[in-house]
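**Student:** Generate the whole structure from the sequences, applying the supplied hints.
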Amino acid sequence: MSIHDFLISPAEASKRTGPHDRIVMSSRVRLARNLTGLAFPGWAKKTERVKSLGVIRPAVETLPQMADHFADAMDNLSQLEKQILVERHLISREHAAKSAGSGLVLNREETISVMINEEDHLRMQALRPGLQLKHAWQAIDEVDSQLEKVLPYAYSQELGYLTACPTNLGTGIRVSAMLHLPGLVLSEQINQIITAVTKLGHAVRGLYGEGTEALGNIFQVSNQMTLGESETDILDRINKVLQQIIEHEENARATLVEKKPKVVFNHIGRAYGILANAHSISSKETMNLLSLMRLGIDLALFPGIERALVDELFLTTQPFHLQKLFGDKLAPEERDLRRADMLRERLQDVKRPNYKNVVPPPMTE
Amino acid sequence: MLCDVCKQIEAKVHLTQIVEGVTKKIDLCEACSKAKGVDDPTGFSLADLLLGLGAAQDATPAVAEETSQVTCPQCGFSHADFKKSGRLGCAACYETFADSLGSLLKSMHKGTRHVGKVPQAQKQTRDYSAALKALHQKLDQAIAAENFEQAAILRDEIKVAKHKLSENAPT
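Protein chains in written order, with the numbering used here: chain B, 1 to 365; chain R, 1001 to 1171.
Where hints are given, some of them may not hold.
BS3-like, lysine-lysine: derived pairs with alpha carbons at most 27 angstroms apart [claimed, not checked]: (1) K15/B with K284/B; (2) K1084/R with K46/B; (3) K1106/R with K149/B; (4) K149/B with K1162/R; (5) K1106/R with K199/B; (6) K1083/R with K45/B; (7) K1123/R with K199/B; (8) K1025/R with K240/B; (9) K240/B with K1106/R; (10) K1162/R with K134/B; (11) K1083/R with K149/B.
Away from chain R, derived, C-beta distances all over 12 angstroms, residues of chain B [as the list claims (entries may be wrong)]: (12) D5; (13) R33; (14) H69; (15) E109; (16) S187; (17) N251; (18) G269; (19) G327; (20) M363.
These aren't lab readings, by the way, just hints derived from the structure by calculation. For glycine and all other residues, C-beta sits at the position ideal for the given N, C-alpha and C.
**Tutor:** Rendered as structure tokens:
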């Protein structure tokens, strides 16, 4: 089965719900593990990587959690297939650049994804919609406990799990949440929040991880330190930070609606106008405008329209999802035309925003 | 004060990050701060920045040159490779480059000792070696007390414990 046939459709995938999903789009916990006695993938020769993939892949494929799964070597996947997986956040951009000697195992529900020979021999992650970091940790902890029975991990009593990059050393854990923060961006509080979160030792990044832009007002918050602190302490600490950010975002939205309704409605109205009527639109502009429409839905300006519609469009208007839909390689200009066509069609039944209907989020102290 | 990255130009950008009471500092010249993306609040983290500078920060050029000659006996990775990529070659590199990694780990993490999950097999190894150590102590005491009957029993127990430990060793 090809990965295209395996993947859940964007429409279905966008219907997944979880706690606080107005603001927290998804939660992820990733563990980095390596095998003892073998060079890390970045330093290993191709033959060594092919060999270690041959050991690791069957071990992952036979896990009870992976009963129904997709597995393949990265050199068997086309560029399009790899980029679709990146746009779905199922593999990293780094992993998409790998070929012979690297692999992927993904479960049916798309909640567990194991990258083999990325930067480390194993990069396993659990994904959940909304704010569910504890659940994600439990799921990936179980996978890890199963794997340690059959794979000899590189582990030191003093330094913990040994990783290719010293920034992952110890627990090898990266806990992250993807946040939609239009309120904080519009009220120009976002830099303050980023500074505060960074000071607490967490990293704030754009939509697709390290070194990417915060398109569509979407930010990723993750832990930075992995050594000298237990997994549960790391989780508790980041959960507290996330609760605070959620509160600030809700307050920012409430304040905006109360103090600057014209500014908010202007942004949302224009976003709707362009998305529903444009004949050419870039991916970047689409993301930024869809973010405002998502905010409009949260404020009840689009009665009867589900957030899932916007989330689906967030995905299907991405360059490679679009390319897959229309087949063949599209030139960027042509992609912008097709993207606009699709948006006009999908938004044709969405009525103009109804400002009298606005429901501001409750203010908290 | 010279820039921590290029060590040539006067540092103009001074960054301080306080993480739970631990202060981390870095001083950069304008060009290096731009190159490292310090002015971009979304893409910047002190740990990423510190990484790649390695131990050269506090070493004199002569010493730095000497350390960059060190090569991992297990995988052939050199300290120069580490400085270039910020990644290590294999698990054994952590021992090979332990000296220069020490200060780096201290600057980027909360502590320098792992707390958290321990693989089950490692847990048993730890328990078995603790038990073995206790038996050895008892044996020493028994011999000192000239209790040879007890010593013989302990010697047998040690044999069993050693066997368990070696069977449990990761393959």
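**Student:** Indicate, hint by hint, whether the structure satisfies it.
**Tutor:** Tested hints:
1. K15/B with K284/B: 23 angstroms, holds
2. K1084/R with K46/B: With Cα atoms ~21 angstroms apart, K1084/R and K46/B stay inside 27 angstroms; holds.
3. K1106/R with K149/B: The hint is violated at about 31 angstroms.
4. K149/B with K1162/R: 21 angstroms, holds
5. K1106/R with K199/B: 17 angstroms, holds
6. K1083/R with K45/B: 20 angstroms, holds
7. K1123/R with K199/B: Violated, at roughly 35 angstroms.
8. K1025/R with K240/B: 26 angstroms, holds
9. K240/B with K1106/R: 24 angstroms, holds
10. K1162/R with K134/B: Violated - the C-alpha atoms of K134/B and K1162/R are around 39 angstroms apart, more than 27 angstroms.
11. K1083/R with K149/B: 34 angstroms, violated
12. D5: 36 angstroms, holds
13. R33: Violated, since 10 angstroms does not exceed 12 angstroms.
14. H69: 24 angstroms, holds
15. E109: 24 angstroms, holds
16. S187: Per Cβ check, S187/B is outside 12 angstroms of chain R; nearest 16 angstroms; holds.
17. N251: N251/B clear of chain R: closest Cβ-Cβ about 21 angstroms, beyond 12 angstroms.
18. G269: Its Cβ never comes within 12 angstroms of chain R, the nearest being 28 angstroms, so this holds.
19. G327: 35 angstroms, holds
20. M363: The claim holds: M363/B sits with its nearest Cβ about 27 angstroms from chain R, beyond 12 angstroms.
When each numbered hint is compared with the structure, violations occur for hints 3, 7, 10, 11, 13.
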